[in-house]
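**Q** As given, the protein sequences belong to chains R, E, W, P and A, one line each in that order. Just so we're aligned: the first sequence equals residues 0 to 124 in numbering that gives the first Met the number 0. Just so we're aligned: the second sequence equals residues 0 to 149 in numbering that gives the first Met the number 0. Just so we're aligned: the third sequence equals residues 0 to 292 in numbering that gives the first Met the number 0. Just so we're aligned: the fourth sequence equals residues 0 to 358 in numbering that gives the first Met the number 0. Just so we're aligned: the fifth sequence equals residues 0 to 630 in numbering that gives the first Met the number 0.
Since the hints were made in silico from the structure, they are not lab data. Check the hints yourself; a few may be wrong.
In silico DSS-like links for lysine-lysine, alpha-carbon gap of 25 Å or less [as the list claims (entries may be wrong)]: (1) K69(W) x K415(A); (2) K7(R) x K3(P); (3) K3(P) x K246(A); (4) K26(R) x K127(E); (5) K4(E) x K141(E); (6) K193(P) x K602(A); (7) K24(R) x K4(E).
Remember, it's a predicted structure, so these values are computed and weren't measured experimentally.
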Amino acid sequence: MRIFVMAKTVLRNLFQGPATLMYPKRKRVYTAITRGRIENEIEKCIFCGLCAKRCPTYALTVSKENKEWVVDRLKCCICNLCVEVCPVKCLSTHNHYFSPVTERLTALCKKRLEAPTAVVVDPQQ
Amino acid sequence: MGWFKRSPWVLHYNATSCNGCDIEVIVSLTPLYDLERFGIINTGNPKHADILAVTGSVNEKSRQVLLNLYEQMPNPKVVVAVGLCATSGCVFQDCYNVLGGVDKVLPVDVYVPGCAARPESIIDGILKACEILEEKYSQRKKTGYPAAKE
Amino acid sequence: MNTIHEIVLNWGIFERMLAFVLLAPLVGGLLAGIDRKVSARFQGRYGPPVLQPFYDAFKLFQKEKIIVNKFQDFNIVLFLLFTIFSGALFFAGADLLLTIFSLALAGTFFVLGGFCVGSPYSHLGAEREIIQQVAYEPMIILVAIGMYQVTGSFKVSVIAQYELPLILYLPGVFAGFLYILTIKFRKSPFDLSMSHHAHQEIVRGLTTEFSGSTLALIEIAHWYENVLLLGMVYLFFGFNPWLAVFVALATYLFEIFIDMNYARFKWQLTFGSSWLFTAVAGVSNIIVLSLMR
Amino acid sequence: MAQKNTIPFGPQHPVLPEPIHFDLVTEDERVVDAIPSISYVHRGLESLVEKRDFIDFVHVADRICGLCSFMHSMGYCQAVEEIMGVEVPLRAQFLRTIWAELSRIHSHIFWLGVAADAFGFESLFMQALRLREPVLDIFEETTGGRVILGASKVGGVRRDIDADSLSGISKRLAHLRPQLEELSNVFINDYSVKHRLSGVGYLSKEDAYTLGCVGPMARASGLDMDMRAIGYSAYKYLDVQPMIETDGDCYARCLVRIRENFHSIDLIREAIGKIPEGPIEVKVKGAPNGEYMSRIEQPRGEVIHYAKGNGSRFLQRFRVRVPTFSNIPAMIKILKGSEIADVPNIILTLDPCISCTER
Amino acid sequence: MSVLIFLIVFPLVISLLALVLPRGFHIRKTIGTAANVVLCAVPIYLLVANLDQGPSYFRLESGFVDILIFLLEVLIAGYLIYLSVRAKRYLPVVLVLIQMSMMIGFEFAYGHSIQVEHALFMDKFSIIMALIVGIIGSAICLYGFGYMPEYHEHHPEVKDRRNYFGFLMYLFLSAMFGIIFSNNLLWLFFFWEVTTLCSFLLIGYRDDKASQDSAFRALNMNLIGGVVFAFGIVYLFVTTQTMELDKLLLLDQGTVLLPAVCFAFAGLAKSAQFPFSSWLTGAMVAPTPVSALLHSSTMVKAGVYLILRVSPVMDNTVAAQMLTLIGGVSFLVTALIAISQSNAKKVLAYSTISNLGLIVACAGVNTPAAVWSALLLIIFHAVAKSLLFLCVGIIEYKLGSRDIEDMDFLIMRLPKLTAVMMIGMAGMFLAPFGMIISKFVTLKAFIDGNPAMAIILAYGSAATIFFWTKWMGKIISIRHGEAEVVEHTVSTWEWITLGILAVATVAVCLAFPFISIHVIDPYIMELFNTAPVIDMFNVLVVFAIMFSLLIILPLGLFYYAFINKHYKRVGTYLGGANVSNITFEGAMDSTQPIQLKNYYLEKYFGEERLFYVGVFVSLTLIFIMFGVAAI
């Protein structure tokens with residue numbers, strides 16, 4: 000019968016100080032390949048729609064006429080399929096996640112290519 | 000004085016989730032993320048809770064459970080949909096038994112995306128929920144408490 | 000400190016009662032906050048602010064009132080009132096036994112509150128709470144008996160001013176008291192009926208159906224109760240107020256440490272071990288004392 | 000005297016991470032009957048094969064369950080690869096094995112933590128989940144995800160791990176080992192833990208066999224049942240030893256998982272030593288036609304992925320028989336006669352994964 | 000003196016009337032009520048008239064009465080033998096024969112030389128007992144008017160012998176008065192045997208197998224007590240030529256120790272202490288008024304009455320310590336057994352034995368404080384316990400069960416009765432009510448006298464908390480929805496009794512300083528020349544709690560019932576599976592109601608497990624007690 004087996008561990012915890020990452024105060028560093036959110040370099044995009052077709056969660060809508068690429072962040076499961084399938088490699092996975100939102104619509108990230116400058120509607124930026 | 004902001008208690012319910020987000024909700028209470036820094040406790044009892052954190056895409060059976068739990072929470076209360084399944088149904092939105100998203104059942108206040116939602120994201124989401132909780136409380140105070148209903 | 004002691008001695012009964020009623024929740028709440036912070040540090044976490052219990056209580060008072068039946072809250076109000084009352088009796092220097100009985104009365108109201116709501120989990124919690132009561136009640140009475148044997152009085156005021164160190168006469172009783180303090184503080188391994196931790200098989204036990212301000216009242220009652228119990232620890236070291244306060248605090252920290260080191264026991268072990276331990280430690284001490292006289 | 004309580008245990012219950020319901024009939028503290036009720040997590044994802052391309056379906060298989068995520072996608076891929084006769088490169092097989100064993104470690108440590116919480120040992124729970132984080136960090140560095148890895152694909156794996164990372168993993172696991180040992184020491188030796196676990200939920204070897212137990216549940220009762228021994232993937236090159244205990248109680252199940260943790264660390268380090276250079280995937284052409292049952296050892300036991308293709312891009316039938324499902328009859332048996340305080344322990348020593356079970 | 004004789008004879012007359020007057024004769028109830036009023040009034044008169052007086056002894060020329068009593072005794076013995084032979088049970092026959100041969104032999108050998116100076120006497124203790132017997136006894140007889148018709152309605156198989164029942168009840172009251180006023184031990188013994196007979200006949204009232212078994216068990220055990228009692232009397236007279244209770248106390252301890260132990264033994268049997276406890280639990284088959292009157296408030300008290308009377312003789316002997324321990328063992332073990340019982344009357348029976356054990360222990364300790372608290376215990380226990388018995392009696396027929404587990408939501412079905420019952424239960428174990436006051440004092444008395452008992456008390460009271468609290472919790476639990484209120488069917492007679500006793504439970508607590516100063520203290524002064532001083536501050540505190548409860552409870556209930564409207568009503572927490580507020584969605588698509596039952600922990604506190612422990616320990620103690628007395 001052994002008691003206080005845990006004592007060593009908890010005392011060490013007490014004296015070593017907390018292991019907490021103190022997240023909001025201190026930013027978390029992510030690895031390069033962390034799947035955070037999908038980004039599109041809209042200048043390169045050819046609006047082929049392959050990504051939208053492949054998306055398992057129907058998060059992407061691409062409109063060739065309006066030259067518009069929209070991702071619904073609340074639908075995207077960051078599976079990377081679109082990135083893999085993109086013929087011009089304009090899609091990439093950013094390593095920071097998309098922050099929580101209170102309204103559904105604010106999670107819609109629209110990117111439209113209008114010559115000469117790209118209009119970016121992204122609440123995160 | 001903003002007491003809600005300082006002490007939001009969370010009830011977590013897994014409504015048809017794949018476990019991934021549930022683990023992350025639990026993990027966000029543990030040493031590395033430690034939600035208790037913000038006074039957040041995982042209560043496990045709707046009657047003590049201020050925030051209902053729902054993971055999963057809700058099916059017919061868990062729908063009723065969610066409604067029951069929500070009904071038993073005292074006002075002001077906030078619903079946080081954690082993870083992609085809870086916000087939209089993720090890859091399961093085509094499944095026959097999935098309603099797809101908590102907002103089909105309950106009024107959702109905060110959507111936390113991610114598959115699975117990262118602990119940081121969950122912390123952000125719950126802190127955001129605290130603000131809404133505070134707002135809801137001041138609104139209630141203005142409109143006054145409704146009288147007893149049997 | 001000694002001057003404080005003197006001031007307290009110069010107070011009348013009602014002044015001391017009033018002081019307890021006003022100060023105990025502050026002290027108790029602060030202790031609870033320290034508890035949570037220290038527990039977190041033991042677990043390698045940062046932990047909530049020390050004033051967190053107060054935040055919780057204030058928040059709970061702002062919540063909507065939801066009830067299962069009309070009379071559930073009444074039991075809790077009585078629980079709080081009698082807890083305060085017994086604490087006030089204690090700090091006024093009244094009869095120790097009376098304090099204990101009054102505390103038992105308060106505990107009974109708490110249990111009745113758990114029964115009253117007719118919910119399975121609070122029912123189980125209430126049953127377990129009674130088992131716990133049965134487990135700790137003898138030892139608390141033994142404490143009073145032991146103190147009476149040494150000092151010849153049940154009066155807290157007399158016991159507190161007893162010049163010789165009580166602890167030297169009552170080591171066994173003190174050990175037994177420490178044992179059941181774990182039950183009273185609702186710490187692991189004896190947090191059967193309601194635990195502050197989330198994952199318990201009976202949800203929140205007794206408090207399952209109590210929410211909002213009523214839950215806050217329960218918490219406040221526990222703060223009062225904790226201060227009262229630490230007051231009883233103080234009595235053992237009453238010969239030196241400094242030491243006594245120090246030991247009381249150390250006891251509290253020790254209970255937190257115990258909490259960190261144990262899984263929750265089952266009721267059989269809780270009940271059996273506390274009766275056995277108190278029987279061995281407390282009873283033998285008392286018998287030795289009675290033989291010495 | 001028949002003084003019976005009827006208690007609804009679940010679907011929402013703090014000790015249950017996932018919704019499952021029991022009508023718990025108790026007498027005093029003793030459980031006399033427990034009738035389970037499921038389908039709170041049923042999504043019907045097996046039917047998705049009819050709508051999803053068989054290659055994209057990996058993403059669904061990945062999300063069958065968050066804890067055994069990788070195992071499911073691996074099992075699915077194996078089944079499809081077998082049907083199509085695809086030869087998976089050896090390096091990919093080794094990588095899969097490494098990830099699978101890492102999954103086992105993180106699942107087992109998580110289980111240890113949750114079990115500790117179920118018997119009211121909060122500091123142990125915190126410590127276990129703290130030790131689990133390094134494993135998740137390895138996942139994040141190698142696959143980009145913490146929980147849903149998405150690393151497996153039909154015909155191989157998505158990402159390679161370079162040699163530096165591999166030795167880094169090996170080093171980190173070596174560092175984790177003493178910490179895990181300290182944690183395991185509490186489970187193995189602490190009096191209060193023993194009080195809660197040993198003798199609780201006893202399942203005899205015969206019962207384990209007739210009730211169809213799998214995984215640690217079966218192994219704790221003395222059944223030698225470890226699918227890794229059949230040598231799928233890279234296991235045939237590794238020294239796999241099933242961890243067997245004979246006591247059949249919760250304590251034995253706990254021991255099995257603890258020993259498996261260390262064994263997995265050994266396996267990973269062995270695999271890292273033996274991993275060959277080479278490609279990580281082959282191009283898959285055509286569509287599956289035929290059927291196959293792939294068997295894999297998950298953290299919870301043997302999982303069977305059955306796939307049937309009809310020559311189109313869409314599979315005709317897909318079915319998963321998960322370990323929790325086969326363990327439920329045994330759980331019901333050992334729940335009867337236990338105590339209320341044991342119920343969480345017993346449910347958790349099964350390591351139930353309801354989202355697998357109901358899909 | 001005439002008052003005393005009146006108290007003994009009057010119930011006898013009433014009992015004969017009860018037997019003779021035909022049923023349905025409307026004057027019966029009037030006579031009964033009037034008689035009960037008289038029976039209440041006379042002891043009160045006795046108290047008031049003798050408030051400041053010491054004990055008084057009465058000389059009675061009693062040659063004729065003595066012979067009459069002797070003849071009656073033989074008659075009773077004959078009747079008992081007849082009944083036993085008819086029921087083919089021979090142990091009682093043997094016991095009666097032994098006893099009678101002893102008494103007859105004694106009568107012929109020494110009958111002529113018996114000189115009794117004072118046949119009757121009266122002191123404060125007798126008056127207390129007279130008050131209990133008079134007030135509670137008559138209240139219970141009133142209750143019987145309402146109860147017995149219902150009893151026969153519910154048990155058509157039982158032969159309706161209501162006249163006989165009334166006869167026995169009043170006969171018993173007469174015998175009780177006889178016991179408490181007799182100074183002549185032969186008279187005391189006679190009345191003692193009459194109560195045994197009444198108890199035996201009343202337990203067997205149903206006249207079926209179970210009740211016959213119980214009745215004969217009770218008879219056997221009481222007869223064993225009686226035999227030893229008779230032996231004690233014979234021995235006492237042969238050695239010391241004394242036949243009077245008051246003279247007994249003045250004699251040398253060494254010579255009278257053995258008879259004193261014999262009397263104490265008889266007292267143990269009568270008050271159902273271990274090893275005799277089983278007769279009392281068996282006696283619960285009797286109709287409720289019998290349980291309330293004989294088996295909780297009066298007859299079993301006669302046992303402790305006798306023990307308390309003779310305990311000064313045993314002061315500071317090993318025998319007294321053994322007596323204390325027997326009381327202590329009975330107290331602790333029965334309190335533990337009571338945890339495992341779900342039959343309401345059995346719980347009450349065990350609790351009765353338990354409390355009597357405490358009184359016996361007090362008698363054994365025999366310090367001023369101990370005797371003081373013993374008297375308080377007798378008073379408080381009698382009032383509260385009879386109240387509880389009567390409540391259970393009513394519930395039994397309103398709900399069709401005497402099982403505690405069937406008393407769910409009692410507060411919704413019988414609200415007023417539940418309130419009364421709560422008072423009774425609170426009276427049994429909660430501060431600031433009677434029992435806890437006396438336990439408080441008892442504890443102090445024990446620490447000074449016998450610390451081992453203080454420890455037993457500490458553990459025993461904890462066990463007491465268990466079964467009372469869970470029972471209380473059961474009856475006050477409330478559930479959603481409506482429940483059928485069945486209260487209106489409770490008869491007026493029953494309400495009157497409950498009212499009297501409920502008020503009495505509270506009143507004795509409020510009046511306890513008065514009782515202590517004017518009634519108990521003088522008695523203690525006589526015995527010990529000192530009286531325990533009660534701490535006035537504590538009394539004030541107790542009163543503070545009492546009054547605050549009396550004020551807060553009704554106000555609070557009123558507030559929560561009618562004024563407080565700021566709430567939302569929700570269902571109970573059922574893991575989210577609620578279908579309605581009290582049902583949940585179970586497995587297999589079923590709808591299950593929640594069921595809440597109490598813990599009984601039979602595996603740990605079961606009757607068969609602990610009973611033999613108690614019997615064994617107490618038998619050992621009794622042997623030691625007799626051993627040291629004989630030496």
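**Q** Indicate, hint by hint, whether the structure satisfies it.
**A** Here is how each hint holds up against the structure:
1. K69(W) x K415(A): 17 Å, holds
2. K7(R) x K3(P): Cα-Cα ~44 Å, so violated.
3. K3(P) x K246(A): Violated - the C-alpha atoms of K246(A) and K3(P) are around 59 Å apart, more than 25 Å.
4. K26(R) x K127(E): 17 Å, holds
5. K4(E) x K141(E): This hinted pair holds, its Cα atoms lying about 18 Å apart.
6. K193(P) x K602(A): 23 Å, holds
7. K24(R) x K4(E): Roughly 17 Å separates the two Cα atoms, so the pair holds.
Of the numbered hints listed earlier, those contradicted by the structure are 2, 3.
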